[in-house]
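**Q** Given only the sequences and the hints, what does the whole structure look like? Please build it.
Chains as they are written, first to last, in the working numbering: chain A, 204 to 627; chain B, 204 to 627; chain C, 2 to 372; chain D, 2 to 372.
Be careful, since some hints might not be right.
Here are the simulated distance ranges between beta carbons [stated by the list, open to error]:
1) K314/D with E491/A: 15 to 23 Å
2) K314/D with R173/C: 21 to 29 Å
3) E588/B with G238/D: 42 to 50 Å
4) N390/B with K246/D: 46 to 54 Å
5) T229/C with D438/B: 55 to 63 Å
6) D480/B with N324/D: 20 to 28 Å
7) K549/A with K583/B: 53 to 61 Å
8) T229/C with A235/D: 29 to 37 Å
What the hints contain is simulated information worked out from the structure, not anything from laboratory work. We treat Cβ as the ideally placed atom computed from N, Cα and C, and that holds for glycine.
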Amino acid sequence: MALKHKTPLIDELEKGPWPSFISDIKQVAERKPMCEDLLGVMEQSYMDKEGHWKHGGIVGVLGYGGGVIGRYCDRPDLFPAVAHFHTMRVNQPSSKFYNTDILRKICELWERRGSGLTNMHGSTGDIILLGTTTDELEQVFYELTHNLDMDLGGSGSNLRTPSCCLGKARCEWSCIDTQAITTDLTNEYQDELHRPAFPYKFKFKTSGCPNDCVAAIARADCSIIGTWRDDIRIDQEAVRAYAAGEFAPNGNAHGTGPSALDVQKEVCDLCPTRCIDWDGKNLKIWDENCTRCMHCINVMPRALRPGTDTGATILCGAKAPILEGAQLSSVIIPFIKMEPPYEEFKDFVDKMWDWWMENGKNRERLGEQIQRLGLREFLKALELEPDPRMINTPRYNPYIFYDPADVPGGWEIDGVAFRKRHQA
Amino acid sequence: MALKHKTPLIDELEKGPWPSFISDIKQVAERKPMCEDLLGVMEQSYMDKEGHWKHGGIVGVLGYGGGVIGRYCDRPDLFPAVAHFHTMRVNQPSSKFYNTDILRKICELWERRGSGLTNMHGSTGDIILLGTTTDELEQVFYELTHNLDMDLGGSGSNLRTPSCCLGKARCEWSCIDTQAITTDLTNEYQDELHRPAFPYKFKFKTSGCPNDCVAAIARADCSIIGTWRDDIRIDQEAVRAYAAGEFAPNGNAHGTGPSALDVQKEVCDLCPTRCIDWDGKNLKIWDENCTRCMHCINVMPRALRPGTDTGATILCGAKAPILEGAQLSSVIIPFIKMEPPYEEFKDFVDKMWDWWMENGKNRERLGEQIQRLGLREFLKALELEPDPRMINTPRYNPYIFYDPADVPGGWEIDGVAFRKRHQA
Amino acid sequence: MAFDPNEPMKDRITDIGPPHYEQFFPPVIKENYGKWKYHEILEPGVLVHVSETGAEVYTVRVGGCRLMSVDIIREICELADKHCDGYVRWTTRNNVEFMVDDKAKLQPLIDDLRSRKFDAGSNKFPIGGTGAGITNIVHTQGWLHCHTPAIDASGIVKSVLDELYDDFCGMRMPAQVRIALACCLNMCGAVHCSDIAILGVHRKPPFIEHDRVGKVCEIPLAIAACPTAAIKPAKEGDLKTVSVKNERCMFCGNCYTMCPAMPLANAEGDGIALWVGGKVSNARSVPAFSKLAVPYIPNEPPRWPTTVKTIKKIVETYASDANRYERVGEWIERIGWEKFFEKTELEFRHEHIDDYRLAMTTWRTTTQFKW
Amino acid sequence: MAFDPNEPMKDRITDIGPPHYEQFFPPVIKENYGKWKYHEILEPGVLVHVSETGAEVYTVRVGGCRLMSVDIIREICELADKHCDGYVRWTTRNNVEFMVDDKAKLQPLIDDLRSRKFDAGSNKFPIGGTGAGITNIVHTQGWLHCHTPAIDASGIVKSVLDELYDDFCGMRMPAQVRIALACCLNMCGAVHCSDIAILGVHRKPPFIEHDRVGKVCEIPLAIAACPTAAIKPAKEGDLKTVSVKNERCMFCGNCYTMCPAMPLANAEGDGIALWVGGKVSNARSVPAFSKLAVPYIPNEPPRWPTTVKTIKKIVETYASDANRYERVGEWIERIGWEKFFEKTELEFRHEHIDDYRLAMTTWRTTTQFKW
Ligand code: SRM
Ligand code: SRM
Ligand code: SRM
Ligand code: SRM
Ligand code: SF4
Ligand code: SF4
Ligand code: SF4
Ligand code: SF4
Ligand code: SF4
Ligand code: SF4
Ligand code: SF4
Ligand code: SF4
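**A** Here it is, written out as C-alpha cells:
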C-alpha cells in the first residue's frame, strides 16, 4: 500500500543489516495514519535538518504531576494526525522480564488508543508509549491501572522511575536483591513519583555489583551498587583449570573458547591494586588491599566469586551536564546492608530529601546542591561521619572552614588585648 | 657575655644535633644590639604565640620599585634596635656558586650596615640581607653596585629574581644551559625586575631536566624545563654491569653500594609508560612511547643518558594558593630550542606579558588569568597552535564556545525563515 | 469497564506501582534466583548461566531498535511463546533476551530468529551484543519526538550499526565497547560516560522572539537557566524580553528548555560532536567521563557518512592497538592523547581544550608527554 | 667612594644584574661544564661526579640553617679557603656544598666539617641531605621577620630536624623525602608540592579595627582580596569600613595582606596543618599537590612536640611500608587514603573533605576502596 508521504530520504534507512525502524514503522503505517504522518514528519526533518516538534505543553492525568510528556507538531498543517503526539511513561517491572500476556495487552491497548509505537525502553527505564492525543490520556491510564495492573512512571520535578540490573535473577555476582530493592522503593515512594514536590528530578538506580550494568553511578542521583566486605571466594582447582586452558577465559567474552589463561598477565597484572599473587599453583588474594573492582572475578567466573558478607555502597549526585556540568555519583555510605524492609536505607533517603528540599534551588539536582553547599554539609544533614572512602584525595587547597566550636573563644578576637600586645 | 633579654624559651632551640640558628644569632648578638633585640622579639613571640612585626611599609631605593621589604617591630618600646628591620633582596649569581672573596665582602658590608644576619637564600633565590634601618638602604645599594658588582633582586608587582638548578655545571643530565639562560633573562629584563609594571609578581625558574631540582613547575609563572626529542642513549654494557651488581643502583641513593639491580622490577616495571624491555642481556627502549620521566636514567646513571637533540619544555602558570587556589604550570610550548640569544623564547615572553598586562586585573597572576580567560585565549595571544601535549585530557564537558567564523552564517538565525518552517 | 470522562474519579486506581517482577520470571529463573554459579558465552549473543542446582539457562540476545512498533513486539511474543514458554526480557541497553532452559531448545530458537527479516531486507533479530563486542547503541528521541534535538537519533544509530554490524555479531574487540547517542546536551542517557558518544550540538545562540518571550516564558527562569549568565533582562519597545550576550553562549540550549521563544535549532549550526573514552563499570579502572574527540561534524541525513566513517576509524584503531581487556579510555590513557590523535588521524583543535569551570584540572602540568 | 645622600643620583649604578656565575666556578667545574658523565653518592652527603674528560669532583653537602649570620658564613669561607680553593655553593634547598677535585682532599674536609659545633652543642655542618634521605626543610620567615605568620618557621624546622637528624645523615628512606614549611597560606616556598608540608594556619576571622580601616586601607582592594567574597563595605557611625561574614571566612589572611587593620593572628586560633604526598619532579609520576593530613595542631613553642611526633609517625610509617623509589605521594596513591589514615593512626575529619572551587574533583566516584 502506498503511504501518504513520499519518503525518499528515510527510505535509505531501510537498507543495511541492522533492524530498520523505518521498515518497522511502515508496517503499522499501513493501518495507522498517526504513523503515516510520523514518517512524514521524519522525512521533513531529514530535508530541513531540523526537528518539527514544538516545545512540550503540560498535559497529564488527573492527580499525577508526571508520567506524560506533552508533544505537538509544529506543522499540523502538513501532518495533522500527529498534531498531538504525547508520550506516556509506563513503569516497567523491575529488570524488565515480561510474559507475552502482558506484552500483548500493552500492544492491544496502544494500537487502539495510541500510535502503536513504543520505546522498549526509555533511558530511565520506563516503557515509553510514544504518541497519542490528549483525550486518550485518561483512557489509557484507566485501562493500564484497571486491566493491566500497571501504573505510570515519573517525569517532572519528582522521583523518576527506579531501575536496576537483572541481578540475582540471572547473574552469579549480584550482592544484593536488585529487583526487590527497586520494586520496594518504587512502591514506598509512589507519592514522590507521581506528585512533584522536589526542586528537580531525582533518580535511583541499583546494580548488583561494581560492574554496574545499569550505569547507576553515571545516571542516578542515588546509586545503589552491590558489594561485599569479606574475602573473594576462590576455587583453586578452577584457577588451575583456567591456567591449563580447560575453560574459556572471561566467560568466553573474547570468543577464544577454552584456552590457557596467563593468570599473571591477564589477572594479577591488571588488578588495580596488584593484590593478587599467582605462583602457578595457587592464587592468593590479599583481600585487605582489594578494592572489589571485579576484574579477576570477571576473567575467571568459574574460579572466583564475591564474598558472602554482602550489601551495597551508596553513592549520590550523578547527573547529566545541565546546569553545572556532568557529575558521577560520589560515595556517601561505603557499606550498608540492604535487607527488607530497608529501614536504615529509607531513613537515609528521608534525611537526604529533607536536606535537598529545604535547601534546593529551583532546578537544582542533588549533586549540584552538594557541590554548592559542600559534601560536609550533606554529611552533617545525614548524620554521617566523614570517611576517607568518600574521597579520592583529601583537600589540597588550604581554604579550610574551621569550626568555631573547635577554637577556644570561637570567632572572637579581643581587639583591645591584641593592641596591648601589638602596637598598630 | 649576658645578653639584654632573658630567652629561656628559645634557648631550648640550642639543644639537639641540628645547627641552632639561635646559637648562631647569639654569636653576633654579643656585638650587635639589633641581634640582641631580635632575640628578644623572638622570645616575646614564643611567649605570646603571635608574631611581633607590623604590616610592611613601603621603603626602597631610588628608582627601583622592589628589592626591599619594609619591616617594623610592633613593640619598639621593648625592642628599639629592631624598630626598623628591613630586608634587602640581593640578586644571587645563577645557581649559587660563590668564591670566598665575594662572600666576605657581603659579610663585611652587612655587618657594618645591617643586622649581620642573612638568609642563604630566600625561597625565590635571592640572597636575603635580613634587617636594617631605612637610612642604610641607599648606602647598601651604593656599595653593592659600586664595590660588589651586585644588584637588588625583585619584589612587588614585577619580575622576580629568576633562579635555576646547577645544570651543566655539575649535573650529567642537564639538557639546557640553566645558568646561561637565567643570567641572560635576568639581564634582559632588568627593567621589568626593578620597575613594577605588571598586574602582580612574575617568576621564571629553569631546571635542566624533568627532575626539576629548582621546583620550577610548582613555583614559577614561567617554568623552563630541559628535555630532549630524540632517543635515550644506552650503554648496554653498563646496563649489564648494573644487573650484575657491579655498580650501585640509583647513584647509590639508597646506600646499598654496588649490588645487583633487578632491572625488570626496578626499572621496566616502574617506567610509567612501560616502554622498556629487558631480556637479561639488552635493554630496549621504545622511545616513541617514552615520556622522558627520567626514572630509568635516575636509576642507571652510568648506563643511560638523555638524548642529544635537547631543548626545553615551557610551562606556565604555577603559583601559591592566594587568590584562586594553587596551580602547577601547564605545558605551553612542548619543545623549544634554548640557544643564545634566545630570540624565539623572548618573543614568546613579550607576547605573554603583553597579553597579561593588557587583560590582567590587579593582583592577578598569569595562571589565574589563563584560568579566567581560558587557555585557548592565551594560545591565541601567543600565536601558538593547540597541541594535545598541552592537556591531560580533552574537555569532558560539552560547553563548547564554537567559533562563529566556522559556522555558516555565524551567530545569525533568520527568524522569519525559521518560523516559516516551524509554526510557533 | 472503561474510563468515564464525566466521572473521572470513579473507581480510580492510582499509585499501584509496577507489576511485580516475579510473575514474569521464567520458571528456571525463579527457581535459581540467587543461585547462579557461573556463565559462559557460547557464541556471540548466546550465553549459558549455570546454577548451583545444576540447572542451566540459555540466553539468546538480539539487537533491538528500541523504537518498536506493536507489530514487532507481537512478533517477539510469538517467538517467546514458541520457544521460551512465553517469557522474554529487555536488557538495560535495549536488547531483547530470549531464554530457554534446555540446550536442545537453543538451535531452533537461533534459527528462527536468524530467519526473520523486514521486507526491505534488514534483519529483525540480529544475534549478538555480548562480550568483547559492540552492543546496542543507547540513544534518545531525536527528530522523532523531542523538541530540543540538534540531530536525529534512530537514523544515526541505524547508520552506525549497519557499519558496525559485524562487531555486534562478533567479539573481536579488546574489551566491550559501549556507544551511546544523545540528541542534545541534556544527554538523556549515559553518553557522558561511554566508550564512544555521539552528541547533538548546536552552534548558534538562541534567537529571541521578543514578541513571544513575555507571553510564553517566565523571564527569571530563562535567565537563571543560563550556566554562563549570558542572558539578561531587556526591553524591546514596551515588551519585556531578554538579551543574550552571544560571546558567552556555549549553545547548551537550557534557555530554550525554559523558554520556547528562544529556539536555537538550525540546519547550518547543528551537528554532531564525538566523545571517547568514558566508562561506567568499576572494573580495573574507575568510572570516567567521555572526552571530546571531534568537535563538529555536520548533519548529513539520511546516512551520516562522515560520522559513520569517523566512528569506524576510531573503532578500528582501537581494535588494532589496544590490549585485551582494555576499554577505549584505558587504551587512550595508556598511549596518551597525543598518540590517540596521531593514530586516529583526528585533528586536535582549540575546542578540545576545556574552558569551563574545572578547565584547569585538564591541563597538562608535567613535562611527561610523547613525541 | 661612598653614597652621598645629598647627591643620590651621582655615579649611580643600576640594573647591572647579578654577577656572572662563571667567575665563581671552581676550575674543575668550569673545565668540565656540560661534560659530566655520571655521579655516585659515596656516602650520605658525599657525591662524586665523573666527567667525560676523566676529571672528578667530590661534593660534600652540609645542612644549613638558611638563617645565617655573617659569622657562620665567614666560617664557611674559612673552610672553603682551606679545602676548596676558595669556592663553595648553596643548593636550591639551602644546603651548602663544598667541592674538591681530588679524592685525597675529601676526608680532611669531612673531618673538619664534623668537628665544628656551636658552644651549646649543636653541629654546625651536619653532612647529609642526599639520595633517599630527608634533606633540609625549605622554609620561610615566621616570627623572625614576616607580618602575616600563623607560626614560627626556623624554630619548628629546628625541632623537626633534630628529630629527623639521623635521616638527614642517612639514606634509609624508600625515596627522597622533601619537607617544607610555610608560615601562612601565602606559602612562600613549594610547600604545596612537598612530601610533607608544615603550614601555618589561622582559625579566627580578621577582627576589624573600624577606626583604622578608612585610614590605612584601600577598602576596594580589601574587598577584592577575599576569595570567598566574605568582605563587604560597611559603615560604623560615620566611618567607612568593612564587615566580614564570618561563616564565609576560611582564614586565608589575604585581607590582612591588603589591609593592616584586619589582623587575624591569634595565639588560640593559630597553629599548624600538616600536608602530605606532594612532589615536584616528573620522575615516574607527575608533579602533585600535597594533601591535608592533619587539619590542626596548636602552636607549642619552643619545641612543638605534637607536630614533631606526628611528622615522625608519618615518616616511620612511610619508611616501613613504601616500596623502593616510591615517594610519599606514590605510596599513598598505591595503598589508598583509607589505609594511610589507618596506618598513620591519624583522624579523618570533615576538614579533610574539600569544599572550595574544585572540590567535586576530589570526591570518590567509584565503588573502589579498601576496608
Ligand atoms: C524519553 C527520554 C529519552 C529517551 O529517549 O529514552 C528523555 C526525554 C527527555 N528528557 Fe531526559 N529523557 C530520558 C532520560 C534521561 C536520562 C537518562 C536516565 O534517566 O538514566 C538523563 C540523564 C541522567 C540525568 O538525569 O541527569 C536525562 C537527562 C535530561 C535532562 C538534563 C538533566 C540534568 O540535570 O542535566 C533534561 C533537561 C531538563 O530536565 O530540563 C531532560 C529532558 C528531557 C525532555 C523532557 C525534554 C525537555 O527538555 O523537557 C525529553 C522529552 C523527550 C520527548 O519528547 O520524548 N533529560 N534524561 C528518557 C526518559 C525515558 C524513561 O522515562 O525511561
Ligand atoms: C622572603 C620570602 C620567604 C623566605 O623566607 O624565603 C618571601 C616573603 C614574603 N612573601 Fe613570598 N616570599 C618568598 C618567596 C615566595 C615564594 C617561593 C618562590 O618564589 O619560589 C612564593 C610561592 C610561589 C609563588 O610566587 O606563588 C611566595 C608566595 C607569596 C604570596 C602568594 C602569592 C600568590 O600568588 O599566591 C604572597 C602574598 C602576596 O603576594 O600578597 C607573598 C608575600 C610575601 C611577603 C612580601 C609578605 C606580604 O604579605 O606582603 C613576605 C615578606 C616576608 C618578610 O617580611 O621577610 N609571597 N613567596 C621569599 C622571597 C625571598 C627571595 O626573594 O628569594
Ligand atoms: C544483560 C545486562 C544486564 C541487564 O540487566 O540487562 C548485562 C549482563 C551482563 N553483564 Fe554487564 N550487562 C548489561 C549492561 C552493562 C553495562 C551498562 C551499559 O553498558 O549501559 C555495563 C557498564 C558499561 C560501562 O562500563 O560503560 C556493563 C558492564 C559489565 C562488565 C564490566 C566490563 C568492563 O571491563 O568494564 C562485565 C564484566 C565482563 O564483561 O567481563 C559485565 C558482565 C555481565 C555479565 C557477564 C554478568 C553475568 O555474569 O551474567 C552479563 C552478560 C555479559 C555480556 O553481555 O557479555 N558487565 N554491563 C546488560 C546488557 C546490556 C546489553 O544489552 O548490551
Ligand atoms: C643540588 C641540587 C640542585 C641544585 O641546583 O642545588 C640537586 C642535585 C641533584 N639532584 Fe635533585 N637536586 C636538588 C633539588 C631537587 C629538587 C627540588 C627540591 O627538593 O626543592 C627536586 C624535586 C623534588 C620533588 O620532586 O619534590 C629534586 C629531584 C631530583 C630527582 C627526582 C627524584 C624522584 O624520584 O622524584 C633526582 C633523581 C634521583 O634522585 O634519583 C634528582 C637527582 C639529583 C642529582 C643526582 C643530579 C646529578 O646527577 O647530579 C643531584 C644529587 C642528588 C642528591 O642530592 O642525592 N633530583 N632535586 C638540589 C639539592 C637540594 C638539597 O640541598 O637537598
Ligand atoms: S551489575 Fe553485576 S550483578 Fe548486575 S548484571 Fe551486571 S554483573 Fe551482574
Ligand atoms: S576484585 Fe579487582 S582489586 Fe580485587 S583482587 Fe580482583 S582484580 Fe584485584
Ligand atoms: S634538574 Fe636535572 S639537570 Fe638540573 S640538577 Fe636536577 S637532575 Fe640535574
Ligand atoms: S625516561 Fe621514564 S618513560 Fe622514558 S623510558 Fe625511562 S622510565 Fe620510561
Ligand atoms: S537528549 Fe535532548 S533532544 Fe534528545 S531526547 Fe533528551 S532532551 Fe530531547
Ligand atoms: S544556549 Fe545555554 S549558554 Fe546560550 S544563552 Fe542559552 S542557556 Fe545561555
Ligand atoms: S609564608 Fe606567609 S608568613 Fe611566611 S614569609 Fe611568606 S608571607 Fe610571610
Ligand atoms: S581571611 Fe581570607 S576569607 Fe577571611 S575575610 Fe580575609 S580574605 Fe576573606
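**Q** It remains to establish, for every hint, whether it holds in the given structure.
**A** Going down the list of hints, with the structure as the test:
1. K314/D with E491/A: 15 to 23 Å: Between K314/D and E491/A, where Cβ atoms are some 21 Å apart, the hint holds.
2. K314/D with R173/C: 21 to 29 Å: violated (53 Å)
3. E588/B with G238/D: 42 to 50 Å: Given range 42 to 50 Å: violated, Cβ gap about 60 Å.
4. N390/B with K246/D: 46 to 54 Å: 48 Å Cβ-Cβ, so the 46 to 54 Å window holds.
5. T229/C with D438/B: 55 to 63 Å: holds (56 Å)
6. D480/B with N324/D: 20 to 28 Å: holds (21 Å)
7. K549/A with K583/B: 53 to 61 Å: holds (54 Å)
8. T229/C with A235/D: 29 to 37 Å: With Cβ atoms ~31 Å apart, the hint holds.
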